[in-house]
Amino acid sequence: MTFFDLARKNAWRKPLRTVLLMVSIAVAFLIYGLTASFLNGTQGTAGASDDILGVTSAGGRTQPLPMAGMARIAADPDVAAVGYVTRLRGFVDVEKNIVAINAADPDRLLAVNGKGLGLTPALVVAIGHARDRVLVGRALVQAQGWGVGQRVTVTAFDTPREDGGRDWSFEIAGIFEGENAATDTYFMIARYDYVNAARARAKDTVDAFIVQPRAGTAPGELAARLDSLFTNSATPTRTQSERQFLEAFLRQYADVGLIMNLVVGAAFVTLLMIVVNTMVIAVRERTFEIGVLKTLGFSRLGITALILGETLFVFAVGGGLGLALAKLATILAGPELGLVFSAPVFVKGLVIIVTVSLATGALPAFNAVRTPIIKAFRTR
Amino acid sequence: MTETATPYIALSGIRKGYRIGGEPISIFSGLDLAIPHGDFVAVMGPSGSGKSTLLNMLAGIDRPDGGTLRIGTSRLDQMGEAARSAWRAHNMGIVFQFYNLLPMLTAAENVELPLLLKPLTRKERRIRVDRVLDLVGLAGREKQYPAMMSGGQQQRIGIARAIVSDPGLLLCDEPTGDLDRKSADEVLEMLRFLNRHLEKTIVMVTHDPQAALYARRTLHLDKGDFVEEKRAA
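Keeping their order, the protein sequence lines are chains U and W. Residue numbers for the first sequence follow the numbering used here, so the first one is 1 and each next one is one higher. Residue numbers for the second sequence follow the numbering used here, so the first one is 1 and each next one is one higher.
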């Protein structure tokens, strides 16, 4: 028998109570795992790079930048490659089925962010065979049930065609996989030359330039230098890393991360109160036995370790189960829901398990160690 | 009550009192006691005479208000709580009236409890547990839980737990108070064996005159002072 065995056996004295505690903890960590995975996946920042820079209008992302700015950016000696993108948003079949299209130069996109998106030269060749061809991300393909060679029609919300229509028809030339599971692939890549020629307005403009700095270049310094190029132009720019760009982009609709963190935080505070209350009662029920242990020579530290070990055990089993269920849910749900249970989410979960379990055990442990043995013996 | 030889337990001028309902109650006001190493002392007396208070102070779970309390080379009256905990873990075993075994632990695990505080390997702990369980006649019942045992057997587990770390001092608080006569005699025989053959110094608080007969001497406590001493024939 070890100290931990003793703590474990204490925890199992009332199996039903312990199981219910573990279930409530598991549910809390399932909620945490799912929300953290959702934030990680759908906010798109998990797979975003800190090294790739996005140059957008300082006046807002909806303000286009003239294509002419690309030459000035490319002239900077610390820029390895530069691409550009114009974003169309629309729906397929029904308005709820929203999709996004990034219109870009495939060759430049390959050079700038081919690795991150999982683009290959073969895919670039495939999209080059016709102007209305697109590459579709794996998550979007799976969600829509599309296949290579299929034609899809996207009805754009705010990008009308020259002919007055808003329907854009594309042929799927290939599927890009993304660098890893955290990469956002719920969109398609179209050819800029096609979209630019066909759209009714904002011709020869882009929503953003994408910059790949040379190796060894500090992205922050380069960003400041690029912005200084356009300070006195008609379209001042704001250059951010891809991660900053995405975070800010998402924050303009709502701070989903903050909202979710508040929800999870409220759940954990409630859980903490329930478990602390239960643990205080459980330990108070054993005041006499704690007196016996102290009489045998168990120190304050030893008693504290026992009680903290007990709460750690309950949280480890419950929390571990919750995280495992969250992982399983993200596997079963697939990437189209944007759930990415990454290693940082898991590690953060473990840290929360340890921290909350210690916080939970602190009060009953404090009560137990400060109760004199004589007083403990009077409780029987 | 003093011994001429260097005593193993020495209490001198012990004062102890409590407040009950705001009123100060004096239990001891200058108690002296000397117990040599290897003695087996029974302490008897009416309720409220101070028997339990004396035992609690000897166990280091209560401190005198004044006077000196020495056991071996340790001045318990000067020790803080942490030091007294450590002292108890290494120098004293205690046998309770109601055994006070932990119900979720097996017999062997209950006996093993004090050994968790010592730097022993699992195997060393197991050897010691097996040895004392054999000594108290409960070999083969290692995996039984207290609820599956009779009162006499539980008390023998309590004794095994008290001696497993090989302390010099054994304190017994009414060890036969919850047992029938036959079981009580078995337990008392065991205590006598531990005293005579393993040289444990034993202080036993009891109300049972029959139990006191197993001790080498019996001290009668009344109103906070020893009023009579009887030595075994």
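I should point out that these hints are in silico values taken from the structure, not numbers from a laboratory. Careful, some of the hints might be misleading.
What the hints assert, rightly or not - Here are the computed distance ranges between Cβ atoms for each label pair:
(1) U:A359 - W:D32: 46 to 52 Å
(2) U:R380 - W:G21: 28 to 34 Å
(3) U:R17 - W:H90: 53 to 59 Å
Said to hold, decoys possible - 30 Å max Cα-Cα, derived DSS-like pairs, lysine-lysine:
(4) W:K143 - U:K14
(5) U:K348 - U:K115
(6) W:K143 - U:K9
(7) U:K348 - U:K327
(8) U:K9 - W:K182
(9) U:K203 - U:K115
(10) U:K348 - U:K9
(11) W:K223 - U:K375
(12) U:K115 - U:K327
(13) W:K143 - W:K118
(14) U:K375 - U:K96
(15) U:K9 - U:K203
(16) U:K9 - W:K223
(17) U:K375 - W:K118
(18) W:K182 - W:K123
Ideal Cβ positions, reconstructed from N, Cα and C, are used throughout, including at glycine.
Fill in: Given hint K327 (chain U) paired with K348 (chain U) - CA-CA distance at most 30 Å
holds (14 Å)
Practice prompt. Note whether the CB distance of A359 (chain U) and D32 (chain W) lies within 46 to 52 Å or breaks it.
Written response: holds (50 Å)
Practice prompt. Hint says 53 to 59 Å; check whether the CB-CB distance for R17 (chain U) and H90 (chain W) agrees.
Written response: violated (36 Å)
Practice prompt. With a cut-off of 30 Å on the C-alpha distance, tell me whether K115 (chain U) and K327 (chain U) pass.
Written response: Given that 30 Å is the threshold and the Cα spacing comes to 26 Å, the pair holds.
Discussion item. Hint check: K375 (chain U) vs K96 (chain U), CA-CA at most 30 Å. Holds or violated?
Written reply: violated (67 Å)
Discussion item. Just to be careful, I want the Cα atoms of K143 (chain W) and K118 (chain W) compared with a cutoff of 30 Å; is the pair within it?
Written reply: Between K143 (chain W) and K118 (chain W) the Cα gap is close to 22 Å, so the pair holds against 30 Å.
Practice prompt. Take a quick look at whether K348 (chain U) and K115 (chain U) sit within 30 Å of each other, Cα to Cα.
Written response: Given pair K348 (chain U), K115 (chain U) holds - Cα atoms ~27 Å apart, limit 30 Å.
Practice prompt. Take a quick look at whether K182 (chain W) and K123 (chain W) sit within 30 Å of each other, Cα to Cα.
Written response: violated (35 Å)
Discussion item. Does K14 (chain U) sit within 30 Å of K143 (chain W), going by the straight-line distance between their CA atoms?
Written reply: holds (20 Å)
Worksheet item: K203 (chain U) and K115 (chain U): Cα distance at most 30 Å?
Response: Distance of about 29 Å is within 30 Å: holds.
Discussion item. Please verify whether K143 (chain W) and K9 (chain U) have alpha carbons no more than 30 Å apart.
Written reply: holds (14 Å)
Item to complete: For the pair we were handed, K223 (chain W) and K375 (chain U), check the Cα-Cα distance against 30 Å.
Response: Status holds; Cα separation ~23 Å.
Violated hints, listed in ascending order, are 2, 3, 8, 14, 15, 16, 18; each of the other numbered hints is respected by the structure.
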